[in-house]
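**Student:** Spelled out, the chains give:
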Amino acid sequence: VTEGDRPPDDLRYLVPAALLHDLRTPLSQMLGYSEMLLEESEAAGNEHFVQDLKKIRAAGWKLLALMDANFKPLRVVVLDDADS
Amino acid sequence: VIGNGTLPLAKILLVEDNEMNRDMLSRRLVRKGYEVVLAFDGQAGVDMAGSERPDLILMDMSLPVLDGWEATRRIKAAPATRHISVIALTAHAMSGDRDKAIEAGCNDYDTKPIDLARLLGKIEALLAATARKDSTGAPSP
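Residue numbers (this note's numbering), protein chains in the order written: chain A, 1 to 84; chain B, 1 to 141.
Bear in mind the hints are in silico, worked out from the structure with no lab data behind them. Watch out, some of these pointers could steer you wrong.
In the DSS-like style, the derived pairs of lysine-lysine whose C-alpha atoms are separated by at most 25 Å in a straight line are [to be verified]:
1) Lys32/B - Lys54/A
2) Lys76/B - Lys133/B
3) Lys55/A - Lys133/B
4) Lys11/B - Lys62/A
5) Lys11/B - Lys133/B
Pairwise CB distance ranges (calculated) [to be verified]:
6) Ala128/B - Val50/A: 25 to 35 Å
7) Asn46/A - Ala80/B: 25 to 35 Å
8) Ser62/B - Glu47/A: 30 to 40 Å
9) Ser62/B - Asn46/A: 34 to 44 Å
10) Asn70/A - Ile102/B: 24 to 34 Å
11) Lys100/B - Asn46/A: 37 to 47 Å
12) Lys32/B - Lys54/A: 30 to 40 Å
13) Ile56/A - Asp47/B: 18 to 28 Å
14) Ala65/A - Asp23/B: 21 to 31 Å
Even glycine gets a Cβ: it sits at the ideal position worked out from N, Cα and C.
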């Protein structure tokens with residue numbers, strides 16, 4: 001795709017879409033592993049780790065919400081329970 | 001027995017090229033009681049859909065060799081695999097991406113980072129729908 005193939009609006013769309021994808025990938029891994037460790041710590045009854053892992057998880061989801069809010073003009077899909 | 005206790009153990013094919021995402025999600029699904037088989041690219045996903053006969057496929061969309069959209073089209077075009085439910089998983093989260101996945105034949109769509117409770121809800125809903133179709137003898141979608 002060259003700049004001449006697309007109207008300016010579409011070109012502006014493509015750059016942040018790729019950026020958002022690249023940001024969500026490592027964030028997905030950080031959240032996934034922290035939640036997996038949280039599940040294992042809860043199962044093992046390790047309350048000390050549970051509390052700290054909940055803080056990591058909360059910070060990760062807050063970062064995701066901030067990213068989505070800043071990409072809101074690009075109509076980011078926000079899924080919720082009603083979506084399933 | 002998984003989820004609400006009414007469904008038998010299900011086999012899930014996870015098609016994901018990213019090693020960390022693959023490791024993390026497969027371990028979490030195994031902990032929930034699913035059998036998980038893995039494919040690392042879209043062509044392997046198509047091949048394993050036929051050879052492994054999973055109950056459901058979790059399909060990353062940005063894949064090497066064959067992307068997730070084309071892999072899903074081929075799975076849904078083949079009589080032997082078209083009945084298998086496919087959930088698209090992608091870090092693409094723009095509004096058009098959901099439509100693109102559904103148009104390719106995906107039964108549902110979810111975004112990364114994964115909300116596991118939400119994803120499990122979608123998995124169980126699709127497995128339950130398939131089980132209902134099987135019990136009534138209705139043709140596969």
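**Student:** So, for every hint listed, does it hold in this structure?
**Tutor:** Verification of the supplied hints:
no.	hint	verdict
1	Lys32/B - Lys54/A	20 Å, holds
2	Lys76/B - Lys133/B	17 Å, holds
3	Lys55/A - Lys133/B	43 Å, violated
4	Lys11/B - Lys62/A	33 Å, violated
5	Lys11/B - Lys133/B	18 Å, holds
6	Ala128/B - Val50/A: 25 to 35 Å	32 Å, holds
7	Asn46/A - Ala80/B: 25 to 35 Å	46 Å, violated
8	Ser62/B - Glu47/A: 30 to 40 Å	39 Å, holds
9	Ser62/B - Asn46/A: 34 to 44 Å	36 Å, holds
10	Asn70/A - Ile102/B: 24 to 34 Å	27 Å, holds
11	Lys100/B - Asn46/A: 37 to 47 Å	42 Å, holds
12	Lys32/B - Lys54/A: 30 to 40 Å	20 Å, violated
13	Ile56/A - Asp47/B: 18 to 28 Å	38 Å, violated
14	Ala65/A - Asp23/B: 21 to 31 Å	26 Å, holds
Checked against the numbered hints above, the structure violates hints 3, 4, 7, 12 and 13; every other hint is satisfied.
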